[in-house]
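Protein chains: 2
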Amino acid sequence: MNTTIETLLAHHSVRKFKDQPLTREQVETIIKSAQAASTSSYIQAYTIIGVTDPVKKEKLAELAGNQSYVVHNGHFLVFCADLHRHELLAEKHQADIADSIESTEKFMVSLIDAALAAQNAAVAAESMGLGICYIGGIRNDLNGVQELLNTPSRVIPLFGMAIGYPDQDTDVKPRLPLEHIYHENTYEQDEEKYMKQMTDYDEVISKYYHKRTGGLRTDTWTGQMAKMLSAKRRMYMKDFVQGKGFDLK
Amino acid sequence: MNTTIETLLAHHSVRKFKDQPLTREQVETIIKSAQAASTSSYIQAYTIIGVTDPVKKEKLAELAGNQSYVVHNGHFLVFCADLHRHELLAEKHQADIADSIESTEKFMVSLIDAALAAQNAAVAAESMGLGICYIGGIRNDLNGVQELLNTPSRVIPLFGMAIGYPDQDTDVKPRLPLEHIYHENTYEQDEEKYMKQMTDYDEVISKYYHKRTGGLRTDTWTGQMAKMLSAKRRMYMKDFVQGKGFDLK
Numbered sequence: 001m002n003t004t005i006e007t008l009l010a011h012h013s014v015r016k017f018k019d020q021p022l023t024r025e026q027v028e029t030i031i032k033s034a035q036a037a038s039t040s041s042y043i044q045a046y047t048i049i050g051v052t053d054p055v056k057k058e059k060l061a062e063l064a065g066n067q068s069y070v071v072h073n074g075h076f077l078v079f080c081a082d083l084h085r086h087e088l089l090a091e092k093h094q095a096d097i098a099d100s101i102e103s104t105e106k107f108m109v110s111l112i113d114a115a116l117a118a119q120n121a122a123v124a125a126e127s128m129g130l131g132i133c134y135i136g137g138i139r140n141d142l143n144g145v146q147e148l149l150n151t152p153s154r155v156i157p158l159f160g161m162a163i164g165y166p167d168q169d170t171d172v173k174p175r176l177p178l179e180h181i182y183h184e185n186t187y188e189q190d191e192e193k194y195m196k197q198m199t200d201y202d203e204v205i206s207k208y209y210h211k212r213t214g215g216l217r218t219d220t221w222t223g224q225m226a227k228m229l230s231a232k233r234r235m236y237m238k239d240f241v242q243g244k245g246f247d248l249k
Numbered sequence: 001m002n003t004t005i006e007t008l009l010a011h012h013s014v015r016k017f018k019d020q021p022l023t024r025e026q027v028e029t030i031i032k033s034a035q036a037a038s039t040s041s042y043i044q045a046y047t048i049i050g051v052t053d054p055v056k057k058e059k060l061a062e063l064a065g066n067q068s069y070v071v072h073n074g075h076f077l078v079f080c081a082d083l084h085r086h087e088l089l090a091e092k093h094q095a096d097i098a099d100s101i102e103s104t105e106k107f108m109v110s111l112i113d114a115a116l117a118a119q120n121a122a123v124a125a126e127s128m129g130l131g132i133c134y135i136g137g138i139r140n141d142l143n144g145v146q147e148l149l150n151t152p153s154r155v156i157p158l159f160g161m162a163i164g165y166p167d168q169d170t171d172v173k174p175r176l177p178l179e180h181i182y183h184e185n186t187y188e189q190d191e192e193k194y195m196k197q198m199t200d201y202d203e204v205i206s207k208y209y210h211k212r213t214g215g216l217r218t219d220t221w222t223g224q225m226a227k228m229l230s231a232k233r234r235m236y237m238k239d240f241v242q243g244k245g246f247d248l249k
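Protein sequence lines correspond, in order, to chains F and P. When we follow UniProt numbering, the leftmost residue of the first sequence carries the number 1, and every step to the right adds one. When we follow UniProt numbering, the leftmost residue of the second sequence carries the number 1, and every step to the right adds one.
Which copy is meant is left open, so a pair is good if it fits within one copy or across any two.
The calculated lysine-lysine pairs, modelled on BS3-like cross-linking and capped at a C-alpha distance of 30 Å, are:
id : residue 1 : residue 2
1  : K92       : K196
2  : K92       : K173
3  : K211      : K92
4  : K173      : K32
5  : K173      : K57
6  : K249      : K59
7  : K211      : K227
8  : K227      : K238
9  : K207      : K32
10 : K173      : K207
11 : K59       : K232
12 : K244      : K193
13 : K16       : K32
14 : K244      : K196
15 : K238      : K59
16 : K196      : K32
17 : K249      : K238
18 : K193      : K56
19 : K92       : K232
20 : K244      : K232
21 : K211      : K18
22 : K32       : K227
23 : K196      : K56
24 : K92       : K227
These are computed hints drawn from the structure, not numbers from a lab. Only a predicted model underlies this, so the values are computations on that prediction, with no experimental measurement involved.
Can you make the complete structure from the sequences, with help from the hints?
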């Protein structure tokens with residue numbers, strides 16, 4: 001196993017950081033690594049906004065559900081799906097791209113592009129001994145985030161990423177069994193086997209929480225998911241996305 | 001600069017592979033690396049299908065636009081957004097999650113989850129000296145892909161990934177200027193500056209193609225994008241996605 005794979009397999013979210021900002025050089029290395037990720041047909045359909053202004057960080061934390069690590073970290077990034085630059089370049093070339101960039105396909109392309117870049121940023125940061133945490137919480141109030149960061153039409157802030165020097169030890173969280181996530185040649189639709197894999201995994205997770213919390217928590221993964229998914233969260237998203245010119249046509 | 005960042009920055013798509021299959025151990029290392037990526041609220045909303053059956057690979061290549069490297073590679077993966085397992089676990093827990101998993105929000109979560117996993121797989125493979133190429137072409141005909149791989153409802157094949165021992169040398173393709181992709185504290189909306197960055201980048205790209213093709217190609221990035229985005233591609237996507245139970249509510 002090489003050091004890169006060791007880094008990947010050692011990933012765990014860090015939610016408490018030392019009060020030490022990243023250097024400009026570190027930030028640039030992380031952004032360049034993000035940019036080096038694959039991009040669909042070279043479209044480069046994303047923008048990354050670094051948030052360093054303490055007032056903006058406080059406001060962002062409030063919008064995202066008051067997570068302290070949105071304020072206290074070494075650097076904070078917001079990853080956005082972005083077809084704004086493409087709209088401008090189309091004007092320059094007098095190309096009519098409205099139907100194309102308003103399609104569900106291009107919405108998917110932009111999200112995937114942004115996510116590939118983000119994961120490269122995460123890996124780069126972790127390889128430098130830094131910790132990271134993705135912040136999906138910014139999607140609690142994208143109207144607020146959009147106003148705060150002044151994002152134009154054809155741009156959707158997708159998630160944040162807190163980066164910094166770890167000030168806590170956290171465990172690697174066990175994942176679903178490999179054979180549940182990975183199928184060969186056909187999607188395995190043996191429901192009994194499929195449920196058994198989840199039940200076995202529930203035991204692993206229950207033991208993991210029991211150990212980590214000294215017996216306070218013993219919840220299962222399927223139980224967590226059933227509860228989490230019962231809540232109708234962020235149901236304004238379609239309106240927001242369409243309002244930003246990703247029409248989901 | 002550490003070796004992981006060197007790997008990230010050296011990324012280039014590989015479209016010609018040696019005829020040497022990956023070992024089971026290599027495949028498992030890549031899948032475990034994928035699984036180690038962050039996942040929104042632990043949802044693990046993706047499935048990866050390895051395609052090794054030569055007949056299926058031929059068919060997949062045909063569906064994806066006849067790219068030879070879909071057939072000839074060391075291993076081929078298809079990454080899918082997947083809420084099928086969540087539907088099953090909700091039945092077990094008698095939880096009503098329909099509105100939740102049919103939301104635009106959960107569609108986004110599933111896409112981002114799958115993309116983060118995929119990028120970890122790409123990085124793992126490249127760190128092992130392998131090359132990769134994302135295959136968005138499978139979205140040309142997802143009905144065909146769905147039939148070929150037998151994916152159930154609540155599953156959307158998003159893209160493929162050809163992996164293998166490189167049998168070609170390709171260059172690292174220059175990316176947009178860092179200051180164009182990366183903004184601080186606010187989305188930079190100085191249109192003149194923004195256009196200038198793209199014009200400067202066009203020169204870089206034009207020179208890059210000139211050099212790579214011995215003068216045969218001198219196209220610019222904005223020109224490429226304007227042309228590419230003028231085409232209305234994959235406009236069936238909304239129907240497909242909604243037909244698979246991602247209702248974009």
